[in-house]
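Number of protein chains: 2
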Amino acid sequence: MSELAEVGYGRLSIEAVARRAGVGKTAIYRRWSNKLEMVMEIISDVAERKVPLPDTGSFSGDLQLLLMIVSTALQHRIASQIIPDLMAEAARNPQIAETLQRALRTHQQAVGEKLIGQAVTRGELPEGTDPEVAVDMILGPLYWRLAVARQPIGEDYLEKFTVAVTAALRATG
Amino acid sequence: MSELAEVGYGRLSIEAVARRAGVGKTAIYRRWSNKLEMVMEIISDVAERKVPLPDTGSFSGDLQLLLMIVSTALQHRIASQIIPDLMAEAARNPQIAETLQRALRTHQQAVGEKLIGQAVTRGELPEGTDPEVAVDMILGPLYWRLAVARQPIGEDYLEKFTVAVTAALRATG
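Just so you know, the sequences run in chain order A and B. According to the UniProt record's numbering, the residues represented by the first sequence are 1 to 173, in order. According to the UniProt record's numbering, the residues represented by the second sequence are 1 to 173, in order.
Think of the hints as simulated: they come from the structure by calculation, not from any bench. Because the structure is a prediction, the values reported are computed rather than measured. Check the hints yourself; a few may be wrong.
Identical chains share a label here; the pair holds if one copy fits it or two copies do between them.
Stated by the list, open to error - Calculated pairs, EDC-like style, for lysine to aspartate or glutamate (alpha carbon to alpha carbon, straight line, at most 16 Å):
#, residue 1, residue 2
1, Lys160, Glu132
2, Lys160, Asp130
3, Lys25, Glu6
4, Lys114, Glu98
5, Lys25, Glu113
6, Lys160, Glu41
7, Lys25, Glu15
8, Lys25, Asp45
9, Lys35, Glu3
10, Lys114, Glu127
11, Lys25, Glu3
12, Lys114, Glu155
13, Lys35, Glu15
14, Lys25, Glu37
15, Lys160, Glu3
16, Lys25, Asp156
17, Lys35, Glu113
18, Lys114, Glu15
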């Protein structure tokens, strides 16, 4: 992961990974036949880790906690190097694109079903709330700001944003 | 642009660009001393083109038109290849990062000032509407869906989204 973050997928070499891990090249090749396989296993591994979804008892609590988790992750040095790099490779490599999209979809659905589902059950969001639009509205602006525009978020940003998203979701129900 | 979209920044070579443009390598080197300079001028050029901002007379009309323009642009083959690639380079190359961020900020501010400003003047959005949060909420979800998750948008998506964003902005004022 560190080597990938530092040099990027295009410049990543099995040799450098082996050196960094303090093992021989053959040890790496025994496990993966090429760098694509190696990187895809890393992505799948991370993707399958269950992200503990917040369950605070209220939608506004859940949402604030989720936004904190996501914004911390997006600001992490390794994530902020690896994510754009894999996105770029995905635009050219259908295998990477599919692995990434499957990973994203899994998390996207988990957030949609759990967070939005619970809020609907508790009557905090209307019955017909569209979980797809909801997840786009929750994750999109944060990703845009932190990973694309790379602008810091001020102290009251997450709070304002929670209010905005809640209003947005109530309106789409 | 086509060569950049096809092979990506990392693999882009002045030779290939010259071949594609049907000129000699020296013609390219007369104008730019290296590929970084060349690509940065392309970005700045595109960035300085004034995006014609919609002015339909109502915030909901403006917003729907803007969302259509942005979603068409993000789905364009060249944009969907070049943007992730430049984002990845930006994570490693401060010069590219700065050029991209300046370009983004210019557009972001134009959208914020014109669209949100007009809506506030017309009384469609509350006085204190935060243009930064507003632009994140307008561009973020579309970017997330089309450029990151790469999921298509259904027929009624933009309409639902317009309703959601409008409610969100009214709530943050």
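Verification of the supplied hints:
Proximity of lysine 160 and glutamate 132 under a CA criterion of 16 Å is satisfied inter-copy only: 11 Å between copies versus 22 Å inside one chain copy. Proximity of lysine 160 and aspartate 130 under a CA criterion of 16 Å is satisfied inter-copy only: 9 Å between copies versus 22 Å inside one chain copy. Within a single copy, lysine 25 and glutamate 6 get their C-alpha atoms no closer than 19 Å, and across copies no closer than 31 Å, so neither meets the 16 Å cut-off. In the homo-oligomer, the alpha carbons of lysine 114 and glutamate 98 never lie at most 16 Å apart, since the shortest distance is 24 Å inside one protomer and 38 Å across protomers.
Within a single copy, lysine 25 and glutamate 113 get their C-alpha atoms no closer than 43 Å, and across copies no closer than 55 Å, so neither meets the 16 Å cut-off. For the identical chains of this complex, lysine 160 and glutamate 41 are neighbours neither inside a copy (38 Å) nor across copies (37 Å), given an alpha-carbon limit of 16 Å. When the C-alpha separation of lysine 25 and glutamate 15 is checked against a cutoff of 16 Å, the pair qualifies only within one copy, where the shortest distance is 6 Å, while the shortest distance between copies is 34 Å. Proximity of lysine 25 to aspartate 45 under the C-alpha cut-off of 16 Å is found in neither arrangement, the shortest distances being 22 Å within a copy and 45 Å between copies.
Proximity of lysine 35 and glutamate 3 under a CA criterion of 16 Å is satisfied intra-copy only: 12 Å inside one chain copy versus 25 Å between copies. Taking the shortest alpha-carbon separations for lysine 114 and glutamate 127, only the intra-copy value of 14 Å comes in at or below 16 Å, while the best inter-copy value is 35 Å. With identical chains, the CA atoms of lysine 25 and glutamate 3 are at most 16 Å apart within one copy only, with a shortest distance of 15 Å there and 34 Å across copies. Taking the shortest Cα distances, lysine 114 and glutamate 155 never come within 16 Å of each other, neither inside one copy (27 Å) nor across copies (26 Å).
Taking the shortest alpha-carbon separations for lysine 35 and glutamate 15, only the intra-copy value of 10 Å comes in at or below 16 Å, while the best inter-copy value is 27 Å. For the homomeric pair lysine 25 and glutamate 37, the shortest alpha-carbon distance inside one copy (15 Å) is at most 16 Å, but the shortest distance between copies (37 Å) is not. In the homo-oligomer, the alpha carbons of lysine 160 and glutamate 3 never lie at most 16 Å apart, since the shortest distance is 37 Å inside one protomer and 42 Å across protomers. Neither within a single protomer nor between protomers do lysine 25 and aspartate 156 lie at most 16 Å apart by alpha-carbon distance, with minima of 49 Å and 52 Å respectively.
With identical chains, the CA atoms of lysine 35 and glutamate 113 are never at most 16 Å apart, being 34 Å at best within one copy and 46 Å at best between copies. For a Cα distance limit of 16 Å, the shortest separation of lysine 114 from glutamate 15 qualifies neither inside one copy, at 42 Å, nor across copies, at 52 Å.
Hint violations for this structure: numbers 3, 4, 5, 6, 8, 12, 15, 16, 17, 18, all remaining hints satisfied.
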